[in-house]
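There are 2 protein chains.
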Amino acid sequence: MAIKGNAAKRRTAPARRPTRLRDTELARTPANYAPLTPLGFIARAASVAPRHVAVVHGPIRRTWAETYRRCRQLASALRRGGVRRGDTVALMAPNIPAAYECAFGVPMAGAVLNAMNIRLDAATIAFMIDHADAKVLLTDTEFAPVIEEALKRARRKPLVIDIADPLGPTDGQRLGGVEYEDFLAGGDADEEWVQPRDEWDAIALNYTSGTTGNPKGVVYHHRGAYLNAIGNVMVWNLPARPVYLWTLPMFHCNGWCFPWTIAAMIGTNVCLRRVETKAIFGAIADHRVTHFCAAPIILNMLVNAPETMRARAGGVVEVMTAASAPPATVIEKMERMGFHVTHVYGLTEVYGPAVVCDWDPAWNAASAEERSRLKARQGVRYPVLDGLKVGDPRTLAPVPWDGTTIGEVFMRGHIVMKGYLKNPKATRAAFKGGWFHTGDLAVMHPDGYLELKDRSKDIIISGGENISTIEVENALYRHPDILEAAVVARPDPAWGETPCAFVTLKDGASLSAEDVVAFCRTQMAHFKCPRSVVFGPLPKTSTGKIQKYVLRERARGL
Amino acid sequence: MAIKGNAAKRRTAPARRPTRLRDTELARTPANYAPLTPLGFIARAASVAPRHVAVVHGPIRRTWAETYRRCRQLASALRRGGVRRGDTVALMAPNIPAAYECAFGVPMAGAVLNAMNIRLDAATIAFMIDHADAKVLLTDTEFAPVIEEALKRARRKPLVIDIADPLGPTDGQRLGGVEYEDFLAGGDADEEWVQPRDEWDAIALNYTSGTTGNPKGVVYHHRGAYLNAIGNVMVWNLPARPVYLWTLPMFHCNGWCFPWTIAAMIGTNVCLRRVETKAIFGAIADHRVTHFCAAPIILNMLVNAPETMRARAGGVVEVMTAASAPPATVIEKMERMGFHVTHVYGLTEVYGPAVVCDWDPAWNAASAEERSRLKARQGVRYPVLDGLKVGDPRTLAPVPWDGTTIGEVFMRGHIVMKGYLKNPKATRAAFKGGWFHTGDLAVMHPDGYLELKDRSKDIIISGGENISTIEVENALYRHPDILEAAVVARPDPAWGETPCAFVTLKDGASLSAEDVVAFCRTQMAHFKCPRSVVFGPLPKTSTGKIQKYVLRERARGL
Numbered sequence: 001m002a003i004k005g006n007a008a009k010r011r012t013a014p015a016r017r018p019t020r021l022r023d024t025e026l027a028r029t030p031a032n033y034a035p036l037t038p039l040g041f042i043a044r045a046a047s048v049a050p051r052h053v054a055v056v057h058g059p060i061r062r063t064w065a066e067t068y069r070r071c072r073q074l075a076s077a078l079r080r081g082g083v084r085r086g087d088t089v090a091l092m093a094p095n096i097p098a099a100y101e102c103a104f105g106v107p108m109a110g111a112v113l114n115a116m117n118i119r120l121d122a123a124t125i126a127f128m129i130d131h132a133d134a135k136v137l138l139t140d141t142e143f144a145p146v147i148e149e150a151l152k153r154a155r156r157k158p159l160v161i162d163i164a165d166p167l168g169p170t171d172g173q174r175l176g177g178v179e180y181e182d183f184l185a186g187g188d189a190d191e192e193w194v195q196p197r198d199e200w201d202a203i204a205l206n207y208t209s210g211t212t213g214n215p216k217g218v219v220y221h222h223r224g225a226y227l228n229a230i231g232n233v234m235v236w237n238l239p240a241r242p243v244y245l246w247t248l249p250m251f252h253c254n255g256w257c258f259p260w261t262i263a264a265m266i267g268t269n270v271c272l273r274r275v276e277t278k279a280i281f282g283a284i285a286d287h288r289v290t291h292f293c294a295a296p297i298i299l300n301m302l303v304n305a306p307e308t309m310r311a312r313a314g315g316v317v318e319v320m321t322a323a324s325a326p327p328a329t330v331i332e333k334m335e336r337m338g339f340h341v342t343h344v345y346g347l348t349e350v351y352g353p354a355v356v357c358d359w360d361p362a363w364n365a366a367s368a369e370e371r372s373r374l375k376a377r378q379g380v381r382y383p384v385l386d387g388l389k390v391g392d393p394r395t396l397a398p399v400p401w402d403g404t405t406i407g408e409v410f411m412r413g414h415i416v417m418k419g420y421l422k423n424p425k426a427t428r429a430a431f432k433g434g435w436f437h438t439g440d441l442a443v444m445h446p447d448g449y450l451e452l453k454d455r456s457k458d459i460i461i462s463g464g465e466n467i468s469t470i471e472v473e474n475a476l477y478r479h480p481d482i483l484e485a486a487v488v489a490r491p492d493p494a495w496g497e498t499p500c501a502f503v504t505l506k507d508g509a510s511l512s513a514e515d516v517v518a519f520c521r522t523q524m525a526h527f528k529c530p531r532s533v534v535f536g537p538l539p540k541t542s543t544g545k546i547q548k549y550v551l552r553e554r555a556r557g558l
Numbered sequence: 001m002a003i004k005g006n007a008a009k010r011r012t013a014p015a016r017r018p019t020r021l022r023d024t025e026l027a028r029t030p031a032n033y034a035p036l037t038p039l040g041f042i043a044r045a046a047s048v049a050p051r052h053v054a055v056v057h058g059p060i061r062r063t064w065a066e067t068y069r070r071c072r073q074l075a076s077a078l079r080r081g082g083v084r085r086g087d088t089v090a091l092m093a094p095n096i097p098a099a100y101e102c103a104f105g106v107p108m109a110g111a112v113l114n115a116m117n118i119r120l121d122a123a124t125i126a127f128m129i130d131h132a133d134a135k136v137l138l139t140d141t142e143f144a145p146v147i148e149e150a151l152k153r154a155r156r157k158p159l160v161i162d163i164a165d166p167l168g169p170t171d172g173q174r175l176g177g178v179e180y181e182d183f184l185a186g187g188d189a190d191e192e193w194v195q196p197r198d199e200w201d202a203i204a205l206n207y208t209s210g211t212t213g214n215p216k217g218v219v220y221h222h223r224g225a226y227l228n229a230i231g232n233v234m235v236w237n238l239p240a241r242p243v244y245l246w247t248l249p250m251f252h253c254n255g256w257c258f259p260w261t262i263a264a265m266i267g268t269n270v271c272l273r274r275v276e277t278k279a280i281f282g283a284i285a286d287h288r289v290t291h292f293c294a295a296p297i298i299l300n301m302l303v304n305a306p307e308t309m310r311a312r313a314g315g316v317v318e319v320m321t322a323a324s325a326p327p328a329t330v331i332e333k334m335e336r337m338g339f340h341v342t343h344v345y346g347l348t349e350v351y352g353p354a355v356v357c358d359w360d361p362a363w364n365a366a367s368a369e370e371r372s373r374l375k376a377r378q379g380v381r382y383p384v385l386d387g388l389k390v391g392d393p394r395t396l397a398p399v400p401w402d403g404t405t406i407g408e409v410f411m412r413g414h415i416v417m418k419g420y421l422k423n424p425k426a427t428r429a430a431f432k433g434g435w436f437h438t439g440d441l442a443v444m445h446p447d448g449y450l451e452l453k454d455r456s457k458d459i460i461i462s463g464g465e466n467i468s469t470i471e472v473e474n475a476l477y478r479h480p481d482i483l484e485a486a487v488v489a490r491p492d493p494a495w496g497e498t499p500c501a502f503v504t505l506k507d508g509a510s511l512s513a514e515d516v517v518a519f520c521r522t523q524m525a526h527f528k529c530p531r532s533v534v535f536g537p538l539p540k541t542s543t544g545k546i547q548k549y550v551l552r553e554r555a556r557g558l
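Just so you know, the sequences run in chain order R and L.
At position 309 of the first sequence the residue is numbered 309 (this note's numbering), and the sequence of numbers has no breaks.
At position 77 of the second sequence the residue is numbered 77 (this note's numbering), and the sequence of numbers has no breaks.
Hints in this document: simulated from the structure, not taken from any laboratory.
Yeah, the Cβ is synthetic: ideal placement off N, Cα and C, and Gly gets one too.
Just so you know, not all the hints are guaranteed correct.
[Unchecked claim] Stretch-level coverage of chain L by chain R, calculated; a stretch enters the list once three of its residues show a Cβ under 8 Å from a Cβ in chain R:
id	region
1	33 to 42
2	47 to 54
[Said to hold, decoys possible] Where chain L lies over chain R, by a calculated footprint (3+ residues, C-beta under 8 Å):
id	region
3	29 to 36
4	358 to 367
My request is simple: use the sequences and hints to build the entire structure.
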């Protein structure tokens with residue numbers, strides 16, 4: 001018994017007379033203040049549900065107790081390896097357990113995680129290593145060739161740790177002196193891990209895939225990561241203990257903060273080395289997946305999968321999609337297949353998604369087509385985003401809510417990045433006027449839901465009229481023979497620019513450029529229809545985004 | 001078109017060479033920082049779902065647009081009435097729309113809401129008015145007699161606003177010069193409302209119902225209110241657009257932060273002037289209520305309601321219960337009636353609930369009785385609570401997780417109060433050692449779930465052995481003829497103290513004291529069984545808590 005006799009009956013003496021202490025003198029103390037950080041979520045998960053499966057990877061099953069232990073080992077090993085508070089730890093890996101462990105273990109060492117896009121070239125990786133001053137680089141052996149080249153080019157020489165994933169290449173080249181599991185074994189899970197000194201301390205660094213110049217390093221802090229991790233729960237009605245499939249790359253805006261979200265809700269993370277249709281349907285069936293996130297391009301892959309593959313899908317699976325505006329027809333087809341789609345929108349600079357097409361139950365009565373059209377709009381702010389508006393790019397004055405006036409999307413508040421690393425000029429420009437300038441163009445509908453029209457660099461200006469490439473693409477996706485489509489501006493001496501469509505047809509389909517234009521004319525104003533149509537596969541980024549700058553180059557050369 | 005020509009194509013110039021700016025120099029700006037406050041939730045609700053019903057009260061239906069407008073009017077009217085940042089506005093009202101509007105309108109005027117318990121006596125109310133230096137007092141006319149008396153006794157003379165609720169008394173006495181609706185009409189909804197300067201600014205003041213001495217004023221800040229409002233969503237798996245019945249008094253820890261939670265999830269608030277069985281079942285059926293919170297005593301009322309009344313309950317309704325440990329049998333009966341119970345635990349000092357019996361799906365396989373026993377434990381920390389432990393009251397060292405060693409419950413972090421108003425001594429004592437001392441006694445089970453054994457002032461020490469009054473009460477509730485039971489210490493010359501049971505029988509039942517003791521002996525160790533049994537109704541607080549200090553007085557006089 002810890003309680004004995006009268007000690008158990010002690011009472012605080014009542015305050016006899018109020019002093020003149022003002023409430024403003026009630027200060028922060030360790031009892032009532034702690035920095036917000038998502039790291040506490042894994043400690044809680046390991047304590048509440050130590051035996052619940054946290055990570056699934058092929059035949060591997062690890063519980064929350066084991067995963068937390070491994071993260072603490074990683075933190076300890078990093079510190080023993082010389083990592084200090086504020087240092088950068090770079091990661092080159094697909095969605096494997098080591099990547100998930102880095103989302104916790106790296107900041108638990110006080111360090112900042114820079115998860116790099118696995119499709120990047122050696123020159124860009126070398127730039128990042130130097131710019132971020134990476135002290136450690138963890139790299140999956142699949143990427144040894146590009147990393148080897150990057151390390152040759154980089155001025156900094158980070159400690160290199162090879163990850164020999166059991167589901168990765170069997171003969172992958174080793175670049176460093178130590179393998180991940182051996183490195184972990186050198187860490188002590190019982191060592192106390194590093195709490196952030198301030199919730200404004202950096203937790204992650206994510207480079208934007210700039211199409212010109214060097215990429216910018218977007219810095220996330222603990223507070224924003226905590227809040228967006230919770231925001232995901234709120235907008236997705238995410239229940240306790242979800243089974244979450246990692247289709248979305250963890251290196252993409254730190255997996256939209258979902259590594260932390262899944263720990264907060266004590267879910268199960270199903271890893272996936274390769275985002276392929278068969279593997280996705282297989283994982284859904286094998287692990288009773290309840291939730292996953294994916295770019296529209298992945299959804300398009302799924303809806304166009306052969307019937308036999310699709311048959312493996314189980315009950316309703318919740319899907320969160322973003323990264324580019326999903327064509328309404330793709331949403332409609334996904335829902336017919338038993339998926340329920342939540343459409344979100346965000347950018348690297350806002351920790352991933354920050355806007356959601358919050359579903360109005362009144363819309364349930366609409367036709368399937370109308371419902372998909374409503375859902376294809378980006379929507380309203382996350383409850384954890386403080387401000388969202390569509391406004392004039394110069395004055396920031398809001399545009400009328402008329403569904404037609406195009407303006408720039410501005411955001412502000414808790415889940416806007418700390419800024420760009422070592423780039424005060426870009427940071428100042430991005431935050432000018434007290435709002436984050438997204439560079440995305442949108443209209444605001446009368447119901448307060450915004451709809452993206454284009455990136456400011458993508459919009460086509462033809463004869464003085466703005467043409468939304470998204471609108472033209474939506475029309476193209478309605479054609480039953482078109483698998484994928486992207487529209488860019490093509491310089492034109494008479495009109496300034498005209499729309500140029502790049503189209504991939506479905507297997508066995510055949511269409512002429514004239515067919516495509518004729519179809520578009522049944523769907524929209526003639527001036528918006530493509531003047532040129534090019535057939536063939538589309539260039540894409542690792543996150544499934546179509547690389548419009550490549551297409552713009554091609555259009556220029558036509 | 002807000003976008004013209006090349007303005008739409010501007011790009012940020014790429015940073016050519018990294019400067020030596022450290023990430024630590026990335027400062028807070030209006031673009032990326034705002035104080036956390038739950039007030040933004042109502043602005044968002046009004047923007048996202050202006051026509052969704054926010055408040056139901058008898059025949060009254062008000063949308064989120066209307067409710068937000070009324071809250072802004074209230075804020076404006078208060079400021080015009082002389083209320084300044086940091087001033088206290090007191091409220092004496094049951095769960096009516098005006099009370100809900102105060103949860104937003106008062107802090108939107110920069111002021112601090114002191115929602116008073118409607119069962120309080122004039123002397124205590126007078127103390128609060130003076131101690132909080134209330135500038136305004138809003139009072140439902142039902143409480144005019146006690147408020148009139150309190151105002152006579154108080155030194156401060158607040159501006160008094162009478163609330164003549166359409167469902168309240170028709171001839172209620174008016175104490176002030178203005179009625180609530182007229183007061184609102186004097187406010188301008190278009191006036192900008194006051195944002196907190198700092199998230200640490202006070203939002204609410206809640207006096208604890210101290211049983212000795214003067215009540216203590218617990219100060220809540222915007223940050224804690226925001227985080228606990230979200231914590232409620234996470235632990236309850238609260239979906240979008242819930243229909244929430246206000247059985248829990250809004251003056252009780254500010255309705256456990258649920259006024260803000262329901263706005264965050266754009267739900268519907270169903271008001272309830274009186275918490276009566278028939279009204280609860282009626283509201284559930286009439287408004288398709290999906291969620292409500294209630295003390296165990298209310299649940300006991302519901303499970304003992306006549307069959308005809310219960311028949312009005314619809315599908316599964318989610319119930320969150322706290323305030324005292326719910327007897328396992330009450331949970332079991334509720335679930336058999338189609339309610340799903342989530343058990344939480346908290347105190348005024350932690351914004352309401354801060355601990356939840358997080359449900360392990362593995363427990364689904366257990367018997368109904370076993371499931372209820374598991375669920376009757378208080379559980380684990382909210383994801384938004386930073387720390388929770390059961391430890392030695394002096395050294396704070398954790399007790400072993402053996403399910404038997406009793407210690408005091410300690411909490412720390414985001415949702416621990418700012419402190420006690422004008423009571424530095426009590427604040428210091430409460431936060432001694434960097435943890436909030438709850439004064440509650442509990443054991444920690446081997447699975448890391450805590451179970452309350454008693455308030456430190458309630459535990460019975462008999463012959464040197466601790467006896468948990470909760471354990472004895474749980475045994476009594478298992479008897480089919482017992483409606484309600486409470487156990488307190490009775491002084492005893494030989495044993496120090498012995499358990500004394502106060503018991504209310506069900507209608508038509510008849511039991512002797514010997515019957516009760518004999519039954520208890522079949523349930524637990526003999527030394528824990530009541531030595532005295534008293535039959536009759538139990539004295540209760542407005543929140544349904546049994547007033548044990550009254551019973552202790554009675555036991556002393558036996």
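Structure versus earlier hints - violations, ascending order: none
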